[in-house]
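Asks: Sequence:
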Amino acid sequence: IWTGNNLARSSFAHTGNFAVELGREPNLQSRISQTIDNPPTGKRYRLCFQARENIPANQANQAGYVLTSTLIFLDGQDRELDGTNLRMISGEIPRHRYQRFCLTTAPAPPATRRILTRITFAPLTSNKAMVKIDDMTVNAF
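Everything in the sequence shown is counted per this note's numbering, starting at 4 for the first residue and increasing by one.
These aren't lab readings, by the way, just hints derived from the structure by calculation. Glycine included, C-beta positions come from ideal geometry on N, C-alpha and C. One or more hints might be untrue.
Just the calculated beta-carbon pair ranges, DEER-fashion [to be verified]:
#1 S14 <-> A114: 25 to 35 Å
#2 Q65 <-> P113: 20 to 30 Å
#3 A114 <-> T71: 17 to 27 Å
#4 G19 <-> R49: 12 to 22 Å
#5 L84 <-> Q62: 19 to 29 Å
#6 N64 <-> R117: 25 to 35 Å
#7 N64 <-> L31: 38 to 48 Å
#8 K46 <-> W5: 37 to 47 Å
#9 E28 <-> P110: 36 to 46 Å
As a list, the in silico DMTMM-like pairs of lysine to aspartate or glutamate whose alpha-carbon atoms are at most 20 Å apart [to be verified]:
#10 K46 <-> E83
#11 K46 <-> D85
#12 K131 <-> E95
#13 K131 <-> E28
#14 K46 <-> D78
Let the sequences and hints guide you as you build the complete structure.
Replies: So this is what it looks like as structure tokens:
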């Protein structure tokens, strides 16, 4: 189950019918997250997703945000054991097409009982952009 805030459903999907748009209100923080229970330990994980910036044409010079994707290993008391993140700023995400982004972790610690995946949209002053996310996957290898 995905949870989040300041989201909108978008019909501009990479695949399928819909994508999620972070920053429905572009000046407020937004996030989408999901937990995975009882993941195999000792394996590395790869979090991948497609992202595309959305901004009104008459405000194209007013994109200013940080998008951070995170994968965190948690123990049985939801304490952080390890994890990694990928941080991108406006200008690194294309406006007119989707682009695939991935992050890869170190092996999951033996005490791992849950994985938290999260993408956070943090607007800067006077931001007018939003970011569409689609096709998010988490794979162990």
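Asks: What are the numbers of the hints that this structure violates, sorted from low to high?
Replies: 1, 2, 5, 6, 7 and 8
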